Amino acid sequence: MATKMLFVLALAAVLFSGCGSETPGEDAAEAVDNVVEEQGTAAEETIPVVETPQVEVAVILESTNGAYTAVDPIDWSEILTQQAHFSEFTDNSVCTIFMANFETEENLRTVELQPGQAVLYFVLTQPAGSVPVAGVYDLTVMDVDFSGTASIRVAGGSTVMLSQSATTAGELEILAVTPESVTGIFNIEERWTSMSGAFEAEIL
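According to the numbering used here, the residues represented by the sequence shown are 6 to 209, in order.
Treat the hints as calculated values from the structure; they're not laboratory data.
As the structure is a prediction and not an experimental result, all values here were calculated from the model.
Per label pair, the in silico range of CB-to-CB distance:
id	residue 1	residue 2	range
1	Gly134	Ser82	34 to 42 Å
2	Glu178	Met147	17 to 25 Å
3	Ala75	Val136	34 to 42 Å
4	Glu117	Ser92	20 to 28 Å
We put the CB at the ideal spot given by N, CA and C, even for glycine.
Kindly produce the complete structure, drawing on both the sequences and the hints.
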């Protein structure tokens, strides 16, 4: 009888100790989950978050070019529409950035201008398959890899294109390119026209 009682007590002790522990499979699964969670946290900490720089959109422009001064005075104190267009051709790719002193949903490349309205635009031409990336673009340079121009389209069908040979400073810096917009700053000095400012143009 005593031997039977001892066997029952021993069996109860084993069963009791087993009820309070997890199986080896559960321990392994929990360990894997912990490692995955730790790795995910480490990845989040090491991958930098890239943010589009904030700029104050503006155009400061002065010109004595005859085509510019022949039209009604143009007020650049507000930039109400901006657009960026990407075009791909057989020999090159073109990014055009537009800034207008009026509000419109029409294409700034072709919209008809009213007196006092104007569109400032930059054309960046690169090899086929290229897309603009963050960096400084020199509009005084023209070669097989890059060329850039700055122009002002005014009412009456006239366009003032800045002369590359007469340009002493032609810096256009793209700060960021996202699927939605192109952001940058510019400073251009030409014999008859000077312009500076910043843009955040929506890609259409």
